[in-house]
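Trainee: One-letter residues, chain by chain:
There are 2 protein chains.
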Amino acid sequence: MIVVKIGGSEGVNLDAVCTDAAALSKSGSRLVIVHGGSHATNTLSQQLGHPAKFITSPSGHASRRTDRKTLDIFQMACGLMNQAIVERLQSRGINAIGLSGLDGRLWEGERKTAIRAIEDGRTVIIRDDFTGTVDRVNVALLHLLLEAGYTPVLAPPAISTANEPINVDADRAAAQTAAALRADSLLLLSNVKGLLRSFPDETSLIPTVARDAIEEFAQFAEGRMKKKVLGAGEALQAGVRRVIIGDARIEQPISRALDGAGTVFQ
Amino acid sequence: MIVVKIGGSEGVNLDAVCTDAAALSKSGSRLVIVHGGSHATNTLSQQLGHPAKFITSPSGHASRRTDRKTLDIFQMACGLMNQAIVERLQSRGINAIGLSGLDGRLWEGERKTAIRAIEDGRTVIIRDDFTGTVDRVNVALLHLLLEAGYTPVLAPPAISTANEPINVDADRAAAQTAAALRADSLLLLSNVKGLLRSFPDETSLIPTVARDAIEEFAQFAEGRMKKKVLGAGEALQAGVRRVIIGDARIEQPISRALDGAGTVFQ
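Protein sequence lines correspond, in order, to chains A and B.
First residue of the first sequence: 0, per numbering that gives the first Met the number 0; consecutive thereafter.
First residue of the second sequence: 0, per numbering that gives the first Met the number 0; consecutive thereafter.
The hints are simulated quantities; they were obtained by calculation from the structure and are not laboratory data.
From a predicted model like this one, the values you see are computed outputs, not experimental measurements.
Glycine included, C-beta positions come from ideal geometry on N, C-alpha and C.
Take the hints with a grain of salt, since some may be wrong.
Over 10 Å on every C-beta distance to chain A, these chain B residues come out as not near it, computed from the model [unchecked claim]: (1) Met0; (2) Ser8; (3) Lys25; (4) Phe53; (5) Ile54; (6) Asp66; (7) Leu195; (8) Thr207; (9) Arg210; (10) Glu221; (11) Arg223; (12) Arg248; (13) Ile249; (14) Glu250; (15) Ser254; (16) Gln265.
Have a look at the derived ranges for each label pair, beta carbon to beta carbon [to be verified]: (17) A/Lys52 to B/Ala22: 35 to 43 Å; (18) B/Ala113 to A/Ala22: 30 to 38 Å; (19) B/Ala139 to A/Pro50: 38 to 46 Å; (20) B/Ala209 to A/Ala161: 45 to 53 Å; (21) A/Thr122 to B/Phe198: 54 to 62 Å; (22) A/Ala22 to B/Ala217: 45 to 53 Å; (23) A/Phe198 to B/Ala147: 40 to 48 Å; (24) B/Thr55 to A/Phe198: 53 to 61 Å; (25) B/Gln251 to A/Ala161: 22 to 30 Å; (26) B/Ala161 to A/Phe198: 40 to 48 Å; (27) A/Ser8 to B/Ala22: 42 to 50 Å.
A few chain B positions that, by computed beta-carbon distances, are all more than 12 Å from chain A [what the hints assert, rightly or not]: (28) Arg115; (29) Ile124; (30) Arg126; (31) Glu215.
Take the sequences, apply the hints, and build the full model.
Mentor: Shown next as structure tokens:
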């Protein structure tokens, strides 16, 4: 079993990912696809006159301010990307099914009911934010679909224990999914070659990271790469054999990552 | 088995529909929910600066002009309504799963590759429109989910035999679904009491229509009601025991329709 997380940023070659996924699937690999919608949410938010806002936690971590209106936009952006992937897989002969974390309570977790953020140098508490983490994956539903020959394509939001949609990080949701499925490999593919020692210099790619050295290497992660390294560590800890952070801008991005291109954590 | 199609127009009480669906489901009824997104598509199209357009066929039938950009907007609008229903059912203890017609090739049909339309009194041919009809329903997927305890919530678009998303009428897709599932009842619930002899006078409600008199009663259908009457006829012909066009603005809209409120076709 291989869990493939596809980033949505510019440069990602969705056609190449889906062509490769279809070829692997036809040769017997079981795949689960995961994606987010952060980039598309920013664009759609702008178009709908509700521009994206980000908040900074006291520890310096940035995250999307997700009020209920942003949540609607996030659901539409993730949903459209989901269906774009399903359409591409269907046209390549793969019977894909798109699901959000709400569908069948696929991804369940706790909503953060009070978020501390730094605004103008002061700490404020935000209570109407819809964010959280995935604590449980409905593995039975994924097995039901996989065994019937379907390829699941999964996207945020998740569902809270109080039945609200919650914005969750798709890299970490993919890590939780790989862990719950006891996947052999988790691939985190985006518009970078892998973890770089000197971001953005791609010649400084770190080819391998041993599982007991992840904390040491986490210092090299910039921006969104931090969540990927965090997810990699969580997945390995939970029993996934290896995690590869790789490039989705190239042809055969899944096969290349499985062959070790990118940064391999194991 | 009961197939419930919910309209998306103003006045429809989504909370009442979901509360009633949950109660019926808990008391042992098997439900499949279907909805469209026509009204929401109009609003979102306007907000995104790509206002809805409608074309008129030579026979006088109006339909949405669905270019590829409109299709994206339609997918987002239907998707958001889908997740709003899934969220409401989940919060009422029903493990709902939202699916489009692309997911698992749930609704497959032919795309109309050339559409004749009347523009300024002349007939023109439109070739870049993404519309069609549902010819096949993936009944196996619905049974797989129902037997595992999930409640499917289905929305357009469908998928063409050439793997394109196609805008299909949700009333007729619901009729095809009810027929394929050999449902006992198909309910078409919206913001009207039923088929009216003198639209919009609600005191002129037609309580029953015998299956062999549908053509005769079709003359009373105005606007979107035409598709509902057409769908009712198709469903009965295909073996559904009865079709009820009923009111979704009231409390317990499903139970009331099952009790015969609205226009009963059988």
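Trainee: Which of the numbered hints are not met once you compare them with the structure shown?
Mentor: none
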